[in-house]
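> Respectively, the protein sequence lines represent chains V and E. Be aware that the first sequence starts at 0, since it is given in numbering that gives the first Met the number 0, and climbs by one per residue. Be aware that the second sequence starts at 0, since it is given in numbering that gives the first Met the number 0, and climbs by one per residue.
Hints were generated in silico from the structure; no laboratory data involved. Among these hints, one or two may not hold up.
[Said to hold, decoys possible] Distance condition first, Cα-Cα at most 30 Å in a straight line; then the derived DSBU-like pairs of lysine-lysine:
#1 E:K424 / E:K108
#2 E:K187 / E:K252
#3 E:K302 / V:K177
#4 E:K108 / E:K82
#5 V:K177 / E:K121
#6 E:K399 / V:K175
#7 E:K439 / E:K367
#8 E:K412 / E:K399
#9 E:K424 / V:K9
#10 V:K145 / V:K132
#11 E:K338 / E:K367
#12 E:K399 / V:K171
#13 E:K107 / V:K177
#14 E:K108 / V:K171
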Amino acid sequence: MAKTYDYLFKLLLIGDSGVGKTSILFRFSEDAFNISFISTIGIDFKIRTIDLDGKKVKLQIWDTAGQERFRTITTAYYRGSMGIMLVYDVTNEKSFENIKNWIRNIEENASADVEKMILGNKCDLEAKRQVSKERGEQLAVEYQIKFIETSAKDSLNVESAFYTLARDIKAKMEKKQKEASNPAGARSGAHQIRANEQQRKPTSWLSRCSLL
Amino acid sequence: MDDDLPTDFQVIVVGTGMVESIVAAACSRIGKNVLHLDSSDHYGGLWASYNFDGLQKFIKEVNSDPKRQLQVYNLAEKWYIEKESAQDEKKEEGGEEKPEEAKAEPAKKVWSQANFSAEYRKFNIDMTPKLLFSRGPLVELLISSNIARYAEFRCVTRVLTWLNDRLMPVPCSRADVFATEAVGIVEKRQLMKMLTSIVGYNEEEMNNEFKDWNDKTFKEYLAHKGLTPNLIHYVLYAIAGGTNNMPCLEGVKECKKFLMSLGRYGNTPFLWPMYGSGELPQCFCRLCAVFGGVYCLNRPIDKVQTKTVDEGKTVVTIDSKSKTLNCDHLVIGINECPKDLISPEPAESSDISKAVFITNGSIMKNDKEPLTLLRFPPQSDDDHAVTVLEVGPATGSCPKGLFVVYFITNKVKDAESDLMGIAEKIFDMSGGDQTAESEKPKCLWSLFYNVKDTSAAVASVADCLHVCSGPDAGLDFDRAVEQAEQIFKKICPGEEFLPRAPDPEEIVFEDDVTHGPEFQREHDDEADGDAPKE
Numbered sequence: 000m001a002k003t004y005d006y007l008f009k010l011l012l013i014g015d016s017g018v019g020k021t022s023i024l025f026r027f028s029e030d031a032f033n034i035s036f037i038s039t040i041g042i043d044f045k046i047r048t049i050d051l052d053g054k055k056v057k058l059q060i061w062d063t064a065g066q067e068r069f070r071t072i073t074t075a076y077y078r079g080s081m082g083i084m085l086v087y088d089v090t091n092e093k094s095f096e097n098i099k100n101w102i103r104n105i106e107e108n109a110s111a112d113v114e115k116m117i118l119g120n121k122c123d124l125e126a127k128r129q130v131s132k133e134r135g136e137q138l139a140v141e142y143q144i145k146f147i148e149t150s151a152k153d154s155l156n157v158e159s160a161f162y163t164l165a166r167d168i169k170a171k172m173e174k175k176q177k178e179a180s181n182p183a184g185a186r187s188g189a190h191q192i193r194a195n196e197q198q199r200k201p202t203s204w205l206s207r208c209s210l211l
Numbered sequence: 000m001d002d003d004l005p006t007d008f009q010v011i012v013v014g015t016g017m018v019e020s021i022v023a024a025a026c027s028r029i030g031k032n033v034l035h036l037d038s039s040d041h042y043g044g045l046w047a048s049y050n051f052d053g054l055q056k057f058i059k060e061v062n063s064d065p066k067r068q069l070q071v072y073n074l075a076e077k078w079y080i081e082k083e084s085a086q087d088e089k090k091e092e093g094g095e096e097k098p099e100e101a102k103a104e105p106a107k108k109v110w111s112q113a114n115f116s117a118e119y120r121k122f123n124i125d126m127t128p129k130l131l132f133s134r135g136p137l138v139e140l141l142i143s144s145n146i147a148r149y150a151e152f153r154c155v156t157r158v159l160t161w162l163n164d165r166l167m168p169v170p171c172s173r174a175d176v177f178a179t180e181a182v183g184i185v186e187k188r189q190l191m192k193m194l195t196s197i198v199g200y201n202e203e204e205m206n207n208e209f210k211d212w213n214d215k216t217f218k219e220y221l222a223h224k225g226l227t228p229n230l231i232h233y234v235l236y237a238i239a240g241g242t243n244n245m246p247c248l249e250g251v252k253e254c255k256k257f258l259m260s261l262g263r264y265g266n267t268p269f270l271w272p273m274y275g276s277g278e279l280p281q282c283f284c285r286l287c288a289v290f291g292g293v294y295c296l297n298r299p300i301d302k303v304q305t306k307t308v309d310e311g312k313t314v315v316t317i318d319s320k321s322k323t324l325n326c327d328h329l330v331i332g333i334n335e336c337p338k339d340l341i342s343p344e345p346a347e348s349s350d351i352s353k354a355v356f357i358t359n360g361s362i363m364k365n366d367k368e369p370l371t372l373l374r375f376p377p378q379s380d381d382d383h384a385v386t387v388l389e390v391g392p393a394t395g396s397c398p399k400g401l402f403v404v405y406f407i408t409n410k411v412k413d414a415e416s417d418l419m420g421i422a423e424k425i426f427d428m429s430g431g432d433q434t435a436e437s438e439k440p441k442c443l444w445s446l447f448y449n450v451k452d453t454s455a456a457v458a459s460v461a462d463c464l465h466v467c468s469g470p471d472a473g474l475d476f477d478r479a480v481e482q483a484e485q486i487f488k489k490i491c492p493g494e495e496f497l498p499r500a501p502d503p504e505e506i507v508f509e510d511d512v513t514h515g516p517e518f519q520r521e522h523d524d525e526a527d528g529d530a531p532k533e
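Here chain V stands alone, though its shape is the one from the complex (with noise of 0.2 Å):
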């Protein structure tokens, strides 16, 4: 099979409901934006490969499938991921006190050098505006995370919020990788199960049954 990227990083989007975690999703890889609060029925994840210093890098984003809605979302999500996105929204208070929360739920679930960033969305909102971007940058200090107001709507810094990101993610994989004798990750070795497996002859059981 051809090479078709170098890097593979599972992101997640998490935050309260309704603060546009899809919306940037999808503003990001199909740079499209729904008007219509797009309920997150069906959406799994979304892949965008970007070119991040001569490297190609997949990005794989997962949204929360509505499972945030009453906090259950599942502790498999977070299996595996390399990056956070947090989410909320800076016309609605409550979804920026819930960050903490989110943060702590992170921590009890992800691995714990997990890359974390803070998004404060809908900044197009001015007018509704409820947590101000000073407010917000105070909170990324005090987790020591990025932070940057976005507006999914407008397009606005979701490029570059997925970019620094992953740049955070590429640099800090790249120093593990210099300082680790084997370059393997722990995890080497758990693989996906799929139908394609080497396809062998229509298998009479003697070919499979290696007993003998």
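Given chain V, work out where chain E should sit, using these hints.
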């Protein structure tokens, strides 16, 4: 905050165990409006995995309020290590003084209870550890439904048995066979002939080979075939996972299942889910949610009633946190189910004895981290076999340097009496010096418990109520998959069971879309999924 929970659904599923979760996913997938609840704050019910902290909470909960967790009893936790270790203190005192010495040859770690607490998140301990047969129904379902993309697996690297008072590898691959001296050439020929007839067996047309063996044991059949005692041991105990009384045809079926799953993914016929079996129900929940299922944990239900509305249609109403929820079908896990919904109550069948051990090494040392299935043969004629699964850090089950070992058998007396004898054969249970070189790994922590076997089909009192049974003592998930499909077919007759979910690339949105400003972007020419390049 649960107040905006909608109240009307086509299907409400209560409990996030394996069967419930598969049914929820299947219903949601074909467009049913599904609500999925669980009384506890985590997924999985009796099928859950816990980190070490979560496990402590679970133990406390069961022991303090035995009425709540009726399915689990005789829970006994024991430590074999100190609360704090001397090593910890040393580290604090002179941590960075001698870095070179530390690098040279790391002394074997002395684990303390405090270490376990500190690294609690690195544990994923299963209440219902199970394997998947590489060509079994769950693997096929995960692939055909595309739910496989939510999970990762590791191959079981070896199958062991207990023969002549020691652990012996069971040859599974050609390479194993060449390496082993345990099976001679004549024996190999015998074995091959016998296995050929087993693979030829099929239930519909009872062929001649087995037609006279209906009422005899598998052991008798193997002896009749002239197999040597060693070969009988391998086939009966290690491959078929049987006992001396195993009926012949059951043994044949089990062997065939084993043989048919060889050669698909790894050296053995088995897969183990990364982070434990408790991940799998969550994968089905994810699919349910992706297709619009609504999730709410920490949501106990109080009362279930059925009432007939116009045109003889029956609906189910559920009281939960002073809210009334309505649905056409209620699917409910046996652990969440009010007693009056089950008729008759499940018979007092043979319950399950289980144990979990955390050790400081593998039961049989290996250069590469092993993932082991050991089927411990019955110790006497009327005894049960014991299934032993050993998983290491690479599976996400525990921190480096440790192994988690599960024991599962049918209950005779209680979990501890049923299993302690075998634990002592393969572990050092003395609790002594962890750095001492020894044949057997040290047991650092153990948990024994019994679980009610509610895997027998449970009848419910009404057509619109579907009670899901709990975990069985079997090695795989086959019964759960089978039951889930049966329940689904009752709720949605004629509908396809978990048709393939589209890949994200295949979904085309036809909503009105306003385009944002143009920007340059890399063309994603990928159409081949996520195969890492090599």
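> If a hint holds in the structure, say so; if it does not, say that too.
Verification of the hints:
Proximity of K424 of chain E to K108 of chain E is assessed by CA-CA distance (about 23 Å); at most 30 Å being required, the pair is judged to hold. At roughly 21 Å between alpha-carbon atoms, K187 of chain E and K252 of chain E fall within 30 Å of each other, so this suggested pair holds. As the CA atoms of K302 of chain E and K177 of chain V are separated by approximately 59 Å, the hinted pair breaks the 30 Å bound. For the given pair, K108 of chain E sits about 15 Å from K82 of chain E by alpha-carbon distance, which is consistent with the 30 Å threshold.
Between the alpha carbons of K177 of chain V and K121 of chain E the distance comes to roughly 24 Å, so the proposed pair stays at or under 30 Å and holds. Taken as a hint, the K399 of chain E and K175 of chain V pair is honoured in the structure, with Cα atoms around 18 Å apart against an allowance of 30 Å. Simply put, K439 of chain E and K367 of chain E have alpha-carbon atoms about 17 Å apart, close enough for the 30 Å limit, and the pair holds. Distance check on the hinted pair: K412 of chain E and K399 of chain E sit about 35 Å apart at the alpha-carbon level, beyond 30 Å; violated.
Taking the CA atoms of K424 of chain E and K9 of chain V, the gap is about 44 Å. The hint is violated against a cut of 30 Å. Between K145 of chain V and K132 of chain V the alpha-carbon distance is near 13 Å, which keeps this suggested pair within the 30 Å criterion. For the proposed pair K338 of chain E and K367 of chain E, the alpha carbon gap of about 49 Å is over 30 Å, so the pair is violated. Restraint check for K399 of chain E and K171 of chain V: satisfied, since their Cα atoms lie roughly 22 Å apart, inside the 30 Å limit.
The straight-line distance between the Cα atoms of K107 of chain E and K177 of chain V is roughly 26 Å, inside the 30 Å bound, and the hint therefore holds. A C-alpha spacing of about 28 Å is found between K108 of chain E and K171 of chain V, which places the hinted pair at or below 30 Å, so the restraint holds.
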